[in-house]
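As you go down the protein sequences, you meet chains A and B in turn. The first sequence begins at 15 in this note's numbering and counts up by one. The second sequence begins at 39 in this note's numbering and counts up by one.
If you are wondering where the hints come from, they were derived from the structure by calculation, not from laboratory data. Built from N, CA and C at the ideal position, the CB exists for glycine as well. Please note: incorrect hints may appear among the correct ones.
To be verified - Pulled from the structure, derived: some chain B residues nowhere near chain A, Cβ distances all over 12 Å:
1. L223
2. R241
3. D337
To be verified - Covered stretches of chain A, going by a simulated chain B footprint (3 or more residues, C-beta under 8 Å):
4. 317 to 328
5. 481 to 489
Each chain, letter by letter, is given below.
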Amino acid sequence: MAAVLALAATACTGGGGSHRSISDGQSATASHGPVKRGGTVTVAEVSARPDFVFPLAPATNENGYNVNLTEGLWPFLVVAGDGAQAQVNKDRSLFSSLDWANGDKQVTIHLKPWNWSDGKPVTSRDFTFVYNLLKANYKNWNAHLQGLFPEDVAKVATPDAHTVVLDLTRSYNPDFYTDDVLSTIPLLPQHAWDKTSASGPVGDSDTTAAGAKAVYSFLQKEGAKTGGFATNPLWQVVDGPWQLKEFRSNGYYSYVPNPNYSGAKPAIDKLVVTPFTTDTPEINALRSGSSLDVAGLPLNDIAQAQALRSSGYSIASVPIPGVAEIVPNLYNASAGPLLRQLYVRQALEYLIDRPQLVSKVYNGYADPGNGPVPVKATGTWATPLEKSGGPYPYAPDKATSLLRAHGWKVVPSGKTTCRSPGTGPTQCGAGIKAGQALTFQLVYSSGRATTDQQFAAIKSSEAQAGITVNLKSEPFNTLISTLGTCTAASHPASGCGWQLASYGYDPYPLYPNGTGFFDTGGTNNYGGYSDPKMDQLIKATEYGSDKQAFFAYEDYAARQLPWLWIPLRSSILVYRSKLQGVVPLNPFNGGLNYEDWSYTS
Amino acid sequence: MTAADPGPVAAGPPVPGRPAEAGPLTAPAARRPWAAALAGNRRALAGLVLIALIALFCFAGPLLYRTDQVTVHLDLAQLPPGGGHPLGTDANGYDVLGRLMAGGRSSLELGLAVAVATTVFGTLYGAFAGYLGGIADALMMRAVDTFLAVPGLVLLLIMVSMFTPTLPGIVLLLSLLSWLSPARLVRGEVLTLRTREFVQAARMMGGTGPRVVLRHLVPNAAGVVIVSATFTVADSILMLSTLSFLGLGLPPPHADWGTMLTGGLDFLYDGSWWLVYPPAVILIATVVAFNLLGDALHDALDVRLQRT
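The shape of chain A in the complex, shown without the other chains (with noise of 0.2 Å):
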């Protein structure tokens, strides 16, 4: 009752404002003001927590926050964005040169001669460490891309060092290799992690299949207790910029500077990183003006800029380059056969508004979601009909015609039953029973009011055609660890009793083709689609550097639907004034290069 007598007081004094002033951190210009060495940044991080450290993490850890918790403590081999750019980030990457020869079928790497935070130096055992414990463990590394690293590697080479030479089983489109592949991969410290257990001793293990199995299973089992990821002497080699200090199970941890990092240094002493389960104690404290020096700013809190801005804050906003999903569970025992046939997930897209979603959900701040590109983000790869608005705008009309073509009785606001099963061209498809309803649970993370909104309006339109969408909003942790991959030779298991997901974004790496997304056995491609043509597509754009293969299957993929498209929501970052190097923005982590940060005077 307290509570409910706080909040009525509270609304009172509710203010207002203007947004229309939010700035593109993308076209920025970044302050140079008189850096003061030192201070600590506090940092929000909302609706989840990371779960696991080891960089390598399993398929059940599948979860972007880990990627967060671990990128500044073991950078990938290749960085992506450069400032606002998106480009390959020379400076944060651990490479100083690849060379391609032989048709694109061999990659030399020259890695920087750096350190790990223990004094010894990163050479490229360290790489041959990663790629001996993927080699016998891929099939359990959530970024594994079936069919390439390591499944694609011929033979690894080192002649010194500081170099690495792959020779691949075929040619590849280097932009895509170096983009989407080799910026997945960490370099780890052979010299301190290559045992079997804690008291073991560091040796060779990896050298055979057995051995590196058991390296990975050690180093996995380390990495999943929460208690130990910033105690267990493990975690404390880095090559990053940045060390854990403090790690608490309700996802609250600091960093401070790695002293050994090789690169250019942190100028702040400690950056803390705050959860909060939701985003309404999180625009709370930032309110307060107090707790935060830097959080996302709620969409539906748009209006609060300028309150904001007064209290010594500034505002940039970055479009994110990824594709935000509803994703189908074609297997589904009871929706797969409905999800399989796509006049239905047609139908679904038609009912999705999603400009308006765009203009009145997230004021404006969001990609519009035409398909698997956003326009915003990555406009350069975008296609003509992804601009026009995409292959499915929103058309309640289209999407009953659709259905009773297809022999289901529309019933607007009710229940759409199919009236002609069968598997004949104005049937309703292979495994739909005459009666069946077209009705669906849809699965979403929590925490963010937009989120509850878009989806409380995607239910409502999608009963104008006589479609219920029942739905359930679960923690993102908990949503991530229920959500099996699941095919049609996984059924029945556990964790594919989800019929509709969404669970957030997926980011795209520089390269934003479908590869692990949509292709046959792709490590997030969820529920199963599995298409030769868009399999053969995807391949072009692996393979070559052509951008019409590209836009061949950007244009396939929209249209098919492997993935409901919808709004994909901007990253709005408030930080506080005198904090300088936030932006430009990087897209590819949303401005969150905490080693640029620093305080002015």
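Since the structure of chain A is provided, determine the placement of chain B on it from the hints.
Chain B in isolation, oriented as in the chain A frame:
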């Protein structure tokens, strides 16, 4: 009823120190004082009137003021009070006044359903435990103590996070958690009643255990039961609101006051007072009304308070 059966009118509420007055001859008169006391109690009348008004608002209101509480209208989102929306609209474009009515229906239905379920089961459980006594009583009440040790809200949060919440499901869960208190109250009451003459008479005349419990003990514990049921209504409405406020209530487009408050919270800083005040006020009013009624009933049924 047989001639020898003293029947349910045998006694009013327990009167400590005055066992003789609780006998059969006083029974018909025993009802009148608390009914009269209730009628003369201003708090009770206020509570009753308020409950009646809220029930009218929630159940009859939609007949006069028709709104669409199913279809989301983003183009009408967050309109301030005025025009065709006396209390404005929420973030989904739902009319707030209509949503208060819809939310009230589910809140009241849930409160009453939980009160009935817990009262019936808790009363029977407690009455039989008290009547049987001995080992059976000890075992039954230790079971109650064990369940009481489970933190209810935590259990609820776990359950609703595991399963999609539905109104019947939440009624069931709240009932499972709420029957323990009436069971203990009734058992205590029955322990004092079972030694009374009318109970002994009923047993001597061949009344079976269930008959004695159902026809004599339970009716005479009615005072405690009614008061407990009244408070259960208020507690259940608050619990549903708590769950909804924590984001674990009924999924959209279902409406309840707790969810409305949570929605208001999301837009707290935008000055959208109409998303916060109306559900807060009606929630407080409803809970206060049931508590007023419960307090008044308690006073009316407690002879010690009547005598002072």
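Q.
Flag every earlier hint the structure violates by its number, smallest first.
A. The structure breaks none of the hints.
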